[in-house]
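K.L.:
As you go down the protein sequences, you meet chains E and W in turn.
Counting along the first sequence from 1, when you hit position 235 you're at 235 in the numbering used here, and nothing is skipped either side.
Counting from 1 along the second sequence, just add 262 to a position and that's the residue number in the numbering used here.
Think of the hints as simulated: they come from the structure by calculation, not from any bench.
Honestly, I wouldn't trust all of these hints.
To be verified - Straight-line Cα separation of at most 27 angstroms, BS3-like style, residue types lysine-lysine; simulated pairs:
1) K16(E) <-> K289(W)
2) K16(E) <-> K336(W)
3) K195(E) <-> K289(W)
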Amino acid sequence: MNREEIIERGEIVYRKPTLMNDQHMHYCPGCSHGVVHKLVVEVIEEMGLAEKSIGVCPVGCAVFLYNYLDIDVQEAAHGRAPAVATAIKRLWPDRLVFTYQGDGDLACIGTAETIHALNRGESITVIFINNAIYGMTGGQMAPTTLEGMKTSTCPYGRTPELHGFPLHITEIAATLQGTAYVTRQSVHTVAAIRKAKKAIRHAFENSMQGKGSNLVEIVSTCSSGWKMSPVKANQWMEEHMFAYYPLGDLKDVDQSVFHADK
Amino acid sequence: MSKISGAVEIDTQRCKGCLLCVEACPKNVLEPAKNKVNARGYGYVLAVREEECIGCASCGIVCPDGCITVYRLKE
């Protein structure tokens with residue numbers, strides 16, 4: 001059986017999501033952003049919400065999200081995506097509204113907006129890409145940078161005495177009364193990607209049903225900022241990041257119905 | 263038992279050569295193209311041992327740029 005025959009007679013088991021367009025993405029090779037972009041539009045496609053989704057993109061590497069995904073997207077000021085999403089969701093309660101933010105946007109300049117939007121229980125989903133570094137601006141220290149991790153602004157490693165401790169924003173969100181579903185996932189293996197997709201779907205369903213706000217943290221790599229090859233960055237993330245940021249569901253108001261781990 | 267065969271189609275112009283698919287493939291079907299780059303200057307990946315492919319779609323799922331289409335045929 002040759003290749004042409006299989007392509008002609010076989011079924012397509014995987015292809016680029018139809019809501020992702022043909023524009024070349026500006027991300028570095030191996031960046032986790034691409035995988036999460038694909039998951040978001042795959043879930044939107046499966047839920048049949050292509051015409052009813054509004055994303056809010058941040059300032060950071062994902063600032064050009066609107067160039068790659070064929071859904072409505074609003075650009076927000078740095079860190080203010082959850083506030084903009086709040087307004088959109090209140091004016092259009094039947095829309096799926098989500099924000100897509102990195103750790104510099106969500107956990108640093110936008111901490112107040114994030115925590116207050118989640119605490120108000122707005123029916124939005126916040127997708128939080130945590131790669132422990134400022135990728136876009138050249139690999140500076142972020143609030144989520146691990147202890148001892150070297151970046152261009154802490155070349156001898158982050159020390160808690162000087163720089164403080166890494167910020168666990170997802171754990172903070174889990175303690176808030178307004179949140180419905182808080183989870184931490186990753187996209188380094190096929191199994192992890194499947195789990196992350198289930199988590200994003202559950203969060204989107206929650207926000208459509210008005211159960212409260214949802215936070216999906218994706219522990220990601222930044223191979224350029226970490227100065228590693230993409231494959232090595234995935235291994236480094238498994239060895240070092242998961243100890244600080246353990247994967248799994250932190251809070252789910254619907255515990256009886258859903259488990260991302262099962 | 264039915265035989266399952268697969269095939270992958272790689273958009274080499276979109277590929278950035280991150281090699282995550284090479285790592286994810288259980289059958290070692292994929293390999294980086296030797297001394298070749300695409301129009302944007304990136305080395306890319308080719309399906310070298312395509313007769314081994316089982317159409318599991320692992321490569322497509324991990325690809326950050328959505329370059330890979332996977333086909334599967336059951337007989």
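K.L.:
Now, for every hint given, state plainly whether the structure supports it.
P.N.:
Each hint, compared with the structure:
1. K16(E) <-> K289(W): Cα-Cα ~22 angstroms, so holds.
2. K16(E) <-> K336(W): Holds, at roughly 22 angstroms.
3. K195(E) <-> K289(W): Distance of about 23 angstroms is within 27 angstroms: holds.
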